[in-house]
Amino acid sequence: MTAATTGYAVEMKGITKQFPGVLANDHVDFTVRAGEIHALVGENGAGKTTLMNVLYGLVHADSGEILIDGKPAHIGGARDAITHGIGMVHQHFMLIPVFTVGENVMLGREPVTGPDFYNHARARDEIAKLTREYGLALDPDARMADLPVGLQQRAEIVKVLYRGANILILDEPTGVLTPQESKELFGVLRGLVKTGKTIIFISHKLREVLEISDRITVMRRGKVVGHLVTKDTSEQEIATMMVGREVLLRVDKKPARPGPVTFKVENLTASSDRGVPALKGVSFELRQGEILGIAGVEGNGQSELVEVLAGTRRATGGRVLLADKDVTSFDARTERDAGIAFIPEDRRGTGLVLNYSVADNLILGRQRTPKFAWRELVLRLLAIREWARRLVKEFDIRTPSIETAARNLSGGNQQKIIVAREMASRPKVLLAAQPTRGVDIGAIEFIHRRLVAERDEGTAVLLVSAELDEIRSLSDRIAVIYEGKIVSIEPGDAPEERLGLLMTGGGVARAS
Amino acid sequence: MTGINEILHLLVTANLWQAALAAAVLLLLPALGGVISERSGVVNIAMEGMMLTGAFFAVVADLAWHNPWLATLVAMVAGGLMALIHAVVAIRFRADQIVSGIAINIFAAGLTLFLVNRIYGIQDVGHISPAEALPIFDVPGLDQIPFIGQVFFKQNVIVYVALALLVLVHIVLFRTRLGLRIRAVGEHPQAADTAGINVYAIRYGAVVTSGVLSGLAGAMLAIGVSNTFVPNMTDGRGYIALAAMIFGKWTPAGAFVACLIFGLGEAIYANNSIIHISAYLLSMLPYILTLIVLAGIVGRSSPPAADGIPYVPGSE
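Sequence lines, in order, name chains A and B.
Counting from 27, one number per residue, gives the positions in the first sequence under my numbering.
Counting from 21, one number per residue, gives the positions in the second sequence under my numbering.
Extracted from the complex, chain B is given alone in its bound form (with noise of 0.2 Å):
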């Protein structure tokens, strides 16, 4: 029972939400990602790839040119570039899209350990400084809000961005032409194709923005909360990103409220030394949530209908 009420006394503290927003943050973005690419037609489960990419070119480029924002976005060219990857295999060659998605993952796990022995040699890649890093910005004013202050505006200058980019995401996809099109092309690509629209141009344009929102949740791992590289530092994060994706039904705010739930448990396990539920057992929360919506448990949740299907042109 203690660890019950620990969990509830946890629970009102306004620093357990301000991680817990931070590690949403690092899920959402590559979700906002797969998002974006899925509603294309194209799975993407390579966000962890992507981000790994781009947790280690932000390093690089923060440790040769001390500039945390220019390693930002580099890390963000990174991901993109691993993206395109993905996209010319999937797209242009029509292979199918979760072994290349696979392929990307681990070809970014050998690449960036490979890169890390021929630059940094065995030993550690080396601490960036504080004042390289991406900061924490306060909001002038509301960060002295009590409890909502120190929850959303004492937070990385990439949290504000994210939260930014998921309205924006939003806005775009259901509220303009481009999303239409999007959405157009994901769920019926021949249709769209004979309304004269450009579904591969729309599909690598996707993919390839997915890449660019994973890397630059790399680099607010790598830059912005842990200031070096370690080998496989995602740790699943674009793993989790892709189950929010699914929890949240293909949706931004959907895949936000599941980042935050995700987030929340990786708080508290990151509190672990205060309560005494297994931390292993907590990690395991975002996968089981995730079995749970598969088994459409939490209402059914569908993906675009062309999803993962390659388009031939002039094909039924």
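For reference, chain A alone in the conformation it holds in the complex (with noise of 0.2 Å):
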């Protein structure tokens, strides 16, 4: 392929790099057609975003080089990254939350009067501008703390616009979006393209990959395994691809035979770290044997409402009975003794104690339990071997030993410890929240596998999840959530769109 004549936007070829301990990008080769939405696609930790912080000039690559619009191109920083007009909207965003849209927009490139004041009337016109050229609606004025997590979004996109990019690297960015809000961004993508720009679209969600993007390049472990012509693949085919293995995308389960109510949450409230409610009434009933989906935008209560359940988090009303007996007061440890096992959301800051080792880790909680200590004194180090032993292999936990520190451990394998020490605890209720996050598919299968399996065993389980498609395919029943009220509950078949319009607010008439 020889530059200039081949119609491509971005060419990187042979880029490497290497992290302490981790060969981040080995001889990737990497090229996007203009004009095109190219998907990066490839489990966490694949190098899918070195790769696009090394075209970013955020991370310098050891050896490769970049070719933009056929031009040898050197990226050592942001600022030649905007130069050749390629523009990043990263996962986590990138936006002041106390500025306004109107000075996150500028920043860096701000209109100025006089020896060096900011000019907010400029300011005010280019994202008029902006907002005529592309149809991207924005308040100037608006604080972006105040903003929905969608408009922020687009903030972000306005952002790289105004510095003139003309090749766009989206990094996850529908991760943090409702369905909705995906749907809404597809279409400014599309009108984006439309307009001449060419787009990265960085994901691990093989469905909008395939909805969205004209050619695929899959990475697995730093290095490109596959590019793909989105028409002629399918979601099995880049899985595969993407893990090096058959992997089962749906979970494969039995329909659940639940037993009796065991676990009765009565109008709880509770506020949120701020002060300010978060849960304002919150009734549901949970039976042996199933599992029941909470649904809704990150920040509608979900979390408050897993933290109160597990005894974290003091509830300000409202009862939770567990088979007829009141827990609402109960602190963590009653709560674990009572029969509640609970996988927090917040993985290496709840779950675990990172410096500790997986041994000790699979016992955090129950350190006290006679099987564990002597007297509630003396730990029984050859007991908590053994039985680190048997969790480790029994849930597949992949480390060098049960003495290695969790913060040695990938992701997954962190977050298999927290499963293992949870239903290894034989609980009558299970609380877990966003149990898959950030995990690799692998991983994700295997939880899922364990969670259906805790099922048919007969556990009643609660499950919080960000991610629609999770909620969807292990959930018996689906309660959504929306402003710490449990707005309906749907049957687990419920379709994505109503869904969707539940967890922002629509599709109730009313009911009080």
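Source of the hints: derived by calculation from the structure; they are not laboratory data.
Take the hints with a grain of salt, since some may be wrong.
[Claimed, not checked] Partner residues are not named here, just some residues of chain B that face chain A (Cβ under 7 Å, in silico):
1. ARG138
2. LYS174
3. ASN176
4. VAL177
5. LEU198
6. LEU200
7. ALA204
8. HIS208
9. GLN210
10. ALA211
11. ALA215
12. GLY216
The beta-carbon is built from N, C-alpha and C at its ideal position, and this holds for glycine as well.
Hey, can you piece these two chains together into the complex? The hints should help.
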């Protein structure tokens, strides 16, 4: 392929980047045609983000070259990337919450008057111009923190366009969006391509990749393992390439055989960390042998809900009943003893002590039980080791040894430690909050299977997840939470559109 | 009860307010420095050490060259260099900024004491002559206004400079492109970096500026007020300035209000000969007020989001 005539917007050749202990990119070749939507897919840690950071100048490759529009480009920093017309919409927004939309968009290329005065009027004009050109409406004077996530992302896109980007990199752009917002985003992307922009779309959500992209590059463990044309491929083929083996995309489960109600939440209220009401009267029942999914856009009270149920947050009102026993005011330890297990959403902060060994992490919360301690005082190390070896094997935790610090394990294996610990306690109720967040497909598959197995053994499972696909494939019933209230409880096969609508506060005929 | 009455009586005298403003300015300069540094995301508790360094070198330079203006410049450079050490340690080597700040303060105290002994022997440093001190400047005409004239227009030249700097820092931080960038770097350095802003340059500049301002305050203290150098003569002013910065919610105007309150307290206990409240009790006032503010009793005061967090490029 010779440059200049190929019609490639981006050509990256032989990109290699070594981080301490990880070869993040191993002679990666990556090309994007001008005017296409090109998906870059791969598991966490496959090297997608590193590759894009190289392209955007945030990371310097050890070797390899980059051509932009057929011409060799040296990209030493974000500033160079911007000069070459490359813009990046980061997974974690690069927005300043206390600044206005206008200030965020202008930052780095601010309009000034006089010696150095920031010109608000011209900032407004610029944004109005971009809005007209691309149809992306925004209020320049709104404070960023006050905008919903979808609009924040729009501001990110406008920011990139304001810098004159022709090549837009979007890193996991739908991760934080509701299905409706994702649809809107796709509309925006298609519009941008029509105006001549080139888009690189990083994702691990295969359905979206198939929907939006023209071509696909698949990465695994730092290498490119496949180039695909979207219309000639399938979800299964991409997944197999990503993981390197056949994977089960759909969760294989028998219909639930729910038993009696074992866990009851009645009119529960609680406040968030900032002291504002986060739960405004949540009620539901959970039966033995069923998975109840809690669907909702993040920040609608689901975090607070699981924390209250797990005993790490105080309820301000309402009741929680476990087999007709009031456990509302129980703390984490007594909840645990009562038979409530908890997979917290913050794996590294709440679920594990990262500097502890795998073995120690596997008994966290049970260190006082007679099995692991003599009179709650002296640890029984032999029993702990044996227990750890058993769980490591049973839950396929990939670790050099049970003495390895949890910090050194991959995200998926860290999560398996928590899952193993919580499930092995034979709980009556299992609270699973974002159980597969940031975990690779192989581990997701495993955790999903174990959740279903747990259900089949009669545990009552409460599943909270921001991934609607996960909720829909696992849950027997789905409760939709919106602004601290359960707005509806739907059957497990409720259509995605309906759930999406409910999650954003629509679709309910004001039934109070 | 007599104590209260005496204070009330004192509060209506121009002398007291004149002294309060002068005392406040000694706090305002390092506080402004702190605001700039922390707005850029570098925690700075080293104003005490920078101010002390400035005070020492102001005296040394003034005794050597008999020129208070040159001496003031030397003090500012000395404060700036001290800040540069903090900047390198905190920004380049990503060390804990509190620890670095403490180290600077201890280092400054030791260094000045050592140099006093080396240069002047263990005896007194010696006083600079009043003619070589930073002068009091009476603004012609305005100083004749009753009360106001004495409070605002019969002050040390540095007081006017500091008040001008107060306005300037406010404008720069909140009205200019540079200020927008400083605040961006302090709130979200990754965002600033990806927007093409040089995070390190902004932070170095901000930290060094805080040292220059602290050094200026040191000069005023040593060759404007005391006319000599005494070991540890800053007497915790850098820390009170830090408290004022927090009390003022990281804004120049807020810090100034806090400095005025603290300065007033200081002026009252300097006049302690006529009132009967323990000087020790009064000198606790700034710290008590700071604790009250930090506890969130007088509204919430939260620092810039990235304050104290070293920036690692490419990190999330």
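Which hints, by number, does the structure contradict? 1, 2, 3 and 4
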